[in-house]
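Using the sequences plus the hints, can you model the full thing?
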Amino acid sequence: EPEVTQTPSHQVTQMGQEVILRCVPISNHLYFYWYRQILGQKVEFLVSFYNNEISEKSEIFDDRFSVERPDGSNFTLKIRSTKLEDSAMYFCASSYSLTGGDRETQYFGPGTRLLVL
Amino acid sequence: GENVEQHPSTLSVQEGDSAVIKCTYSDSASNYFPWYKQELGKGPQLIIDIRSNVGEKKDQRIAVTLNKTAKHFSLHITETQPEDSAVYFCAASRPNTGGFKTIFGAGTRLFVKA
Numbered sequence: 001e002p003e004v005t006q007t008p009s010h011q012v013t014q015m016g017q018e019v020i021l022r023c024v025p026i027s028n029h030l031y032f033y034w035y036r037q038i039l040g041q042k043v044e045f046l047v048s049f050y051n052n053e054i055s056e057k058s059e060i061f062d063d064r065f066s067v068e069r070p071d072g073s074n075f076t077l078k079i080r081s082t083k084l085e086d087s088a089m090y091f092c093a094s095s096y097s098l099t100g101g102d103r104e105t106q107y108f109g110p111g112t113r114l115l116v117l
Numbered sequence: 118g119e120n121v122e123q124h125p126s127t128l129s130v131q132e133g134d135s136a137v138i139k140c141t142y143s144d145s146a147s148n149y150f151p152w153y154k155q156e157l158g159k160g161p162q163l164i165i166d167i168r169s170n171v172g173e174k175k176d177q178r179i180a181v182t183l184n185k186t187a188k189h190f191s192l193h194i195t196e197t198q199p200e201d202s203a204v205y206f207c208a209a210s211r212p213n214t215g216g217f218k219t220i221f222g223a224g225t226r227l228f229v230k231a
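Protein sequences appear in the order of chains A and B. The letter at position 77 of the first sequence is residue 77 when you use this note's numbering, and the numbering goes up by one with no holes. Take the position in the second sequence, starting the count at 1, then add 117; the result is the number in this note's numbering.
Some clues are possibly wrong.
Quick list of in silico lysine-lysine cross-link-like pairs, DSSO-like style, CA-CA up to 27 Å [what the hints assert, rightly or not]: (1) Lys174/B / Lys42/A; (2) Lys185/B / Lys57/A; (3) Lys188/B / Lys57/A; (4) Lys139/B / Lys42/A; (5) Lys42/A / Lys185/B; (6) Lys188/B / Lys174/B; (7) Lys57/A / Lys230/B; (8) Lys42/A / Lys159/B; (9) Lys42/A / Lys230/B; (10) Lys154/B / Lys175/B; (11) Lys57/A / Lys78/A; (12) Lys159/B / Lys185/B; (13) Lys139/B / Lys175/B; (14) Lys57/A / Lys159/B; (15) Lys154/B / Lys42/A; (16) Lys57/A / Lys83/A; (17) Lys159/B / Lys78/A; (18) Lys139/B / Lys230/B; (19) Lys175/B / Lys42/A; (20) Lys159/B / Lys83/A; (21) Lys154/B / Lys230/B; (22) Lys188/B / Lys42/A; (23) Lys174/B / Lys154/B.
None of these hints come from the bench; they were simulated from the model.
Put into structure tokens, the structure is as follows:
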């Protein structure tokens, strides 16, 4: 069964550095998402992305954050000037293929645990 | 603002008993309500969902109900088993110009005692 994959599984960085979290969504999916989950807390929406554009972003997604689909398979989240409070698990999700499935059902990756020191 | 309240935060049941988790949402534009199970160190996994044009849906031991007027929805797990132990999240989604915005509840940690 197709699945969303994410790399790396863990990332440790120094405060102020830039990180890039990578995701490979399910092939042929058209809608892409990033979420974060601070340890022990709820999953929080960061951004939705469609047709090479951000369709919506939350207040968490400030100007240090950016997303990109550099090629036909990868979907990346970049965080510049990382802060201690960026430490969290980051999940990528994708949904909807023209060949089947519904728009709403999102499939989540296993996550990248980011630790900012 | 958009918010999803979820109760209880922790639920402990005996194997074979039922478990009920309740959620309320605030955004009237929400029209899709998924439930996710999250095991330690893993991403959320969809276990069941319900759309706003449906009041109830069942899949084996799991059922969801939706009261759109009251903005309430709930998850029922019958004949619980130890492997049902996990954190469960409700969520409410509304469409945007390119996908959906999904707001999650705070989660319910379910313990099923053998």
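- Message: Tell me the numbers of any earlier hints that the structure contravenes, in ascending order.
- Response: 7 and 12
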